[in-house]
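Heads up: the sequence lines are chains A and B, in that order.
Counting in our numbering, the first sequence runs from 1 upward without gaps.
Counting in our numbering, the second sequence runs from 1001 upward without gaps.
No lab work stands behind these hints: they were computed from the structure.
A few of these clues could be false.
From the structure, some residues in chain B lie toward chain A, with a derived Cβ separation under 10 Å [what the hints assert, rightly or not]:
no.	residue
1	V1101
2	R1102
3	V1167
Here chain B is said to cover these stretches of chain A; the calculated rule only asks that three of the stretch's residues, wherever they fall, bring their Cβ under 8 Å from a Cβ of chain B [said to hold, decoys possible]:
no.	segment
4	59-73
5	154-165
6	169-182
7	209-223
Note that the coordinates shown come from a computational prediction; the quantities given were computed from them, not determined experimentally.
Idealized CB from N, CA, C, for every residue including glycine.
Now for the letters of each chain:
There are 2 protein chains.
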Amino acid sequence: MPPSPGAAPLDRVRIVLVRTSHPGNIGAAARAMLTMGLERLVLVAPRRFPDADATARASGASVVLDGARVVDSLADALAGCALTIGCSARPREFAGDVVSVRVAARQAHASAVRGEDVAFVFGTEMSGLSNEELASCSTVATIPANPHYSSLNLAAAVQVAAYEMRVASQGDEVWQARRFAAATHEEIEALYAHAQSTLVAMRFLNPRLPRRLMPRLRRLFARAGLEREEVNILRGVLARIDDILDGRRRP
Amino acid sequence: MPPSPGAAPLDRVRIVLVRTSHPGNIGAAARAMLTMGLERLVLVAPRRFPDADATARASGASVVLDGARVVDSLADALAGCALTIGCSARPREFAGDVVSVRVAARQAHASAVRGEDVAFVFGTEMSGLSNEELASCSTVATIPANPHYSSLNLAAAVQVAAYEMRVASQGDEVWQARRFAAATHEEIEALYAHAQSTLVAMRFLNPRLPRRLMPRLRRLFARAGLEREEVNILRGVLARIDDILDGRRRP
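With the rest of the complex left out, here is chain A (with noise of 0.2 Å):
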């Protein structure tokens, strides 16, 4: 089903993969897609699909197999796209501008976008892509590699291809732990006063040589960025510390 007019540009990106042999890929390529929350995927001639196997390693990501098109040709599988970008793991003599799948990405972003449509090729597991195949695409994209080891696995390599689809389209925005309340400056600057009278009465700091200990210890908290409850913990060590240093003195 084409995407509707106003559709996001995620749901403008397709993945195709060519005559896939083992359905175990499919399957994993299709969880890869939609972690990254591409949902649009293209079998042309598979050799098994559906498989249980293409089942098992889609592990839940059932929403992609069960909308998966399968065509004859890559021809059926590109109708409508704007921008078809053919990813190549080997160097092709012909390929003309070959970009990183990063450059790509940003490509298909900006092309969805404008509302087109877009997609990513794929060829076999074990040789790629065709040069006839490769030609028929409008770009050819590759993920940088170990020169000596570049084979990734098909569905690894749509995982990189659908993550980069995803930074280019959401930016790399993560989760972020809850944040607590941040120390106020004066909670902070009598923290350090407390610390360097403790740290005077334990002896360890000279008053009179103070060297670079307490600038050491408002590097380090600062780096840190304090919150107000640890300022309170760090305090309540210091009074502790004061406690200890009282009863000694008075026994």
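Based on the hints, put chain B in the right spot on chain A.
For chain B alone, coordinates are given in the frame of chain A:
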């Protein structure tokens, strides 16, 4: 074996897998690592290793499996590291600062360049790292994902982290297809002059009403960046049209 003092940044990065259940995932992670040039794998209390499934899924990345270090505790796995990056898909209340895997990879590269050892740490397939394990890492990183389906396969997560580590370290330069000799300015101008003359002779272009045909053709070919051989092919086509027109005029 620790890296030598002058080791390349990627050699300072270890991938730590904690209590992995399925040896196949260890093999797939090893393959993912080697595609990005990472070779140092540390396994904390794996359920089964070595194992035929691990070897099969590693698909040639046996150098990583053969060199893998098996240890009993996360502390052993992290010994010697200045930066320890715990990877977590799900939000954790006490995580402190959380960064994207892209940002974490940049920090890891900066640390490795300073000669420090770095670890990316991944938990179990089912539940990831425990809160205690995560708390023993200095940084928490996460892979941007679909909030409704964020469960990347373990090896897929390792693939994305290793990929970002490679890009942080080597940039995203990719192989380029062979470039052919570019056409010179004069050759291209001669092509346009020839094209214009032939298009007039064909009565496709009216020289008194040129409209925007020639500028559009210039724009198209400028975008493509013409090679010398392509200019020769196009001029060959034009010359053939000229011949046909000549034949018509002199039957």
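So, going through the hints one by one against the coordinates:
no., hint, verdict
1, V1101, "8 Å, holds"
2, R1102, "5 Å, holds"
3, V1167, "6 Å, holds"
4, 59-73, "holds (count 3)"
5, 154-165, "holds (count 5)"
6, 169-182, "holds (count 9)"
7, 209-223, "violated (count 0)"
The structure is inconsistent with hint 7 alone, although it conforms to all the rest.
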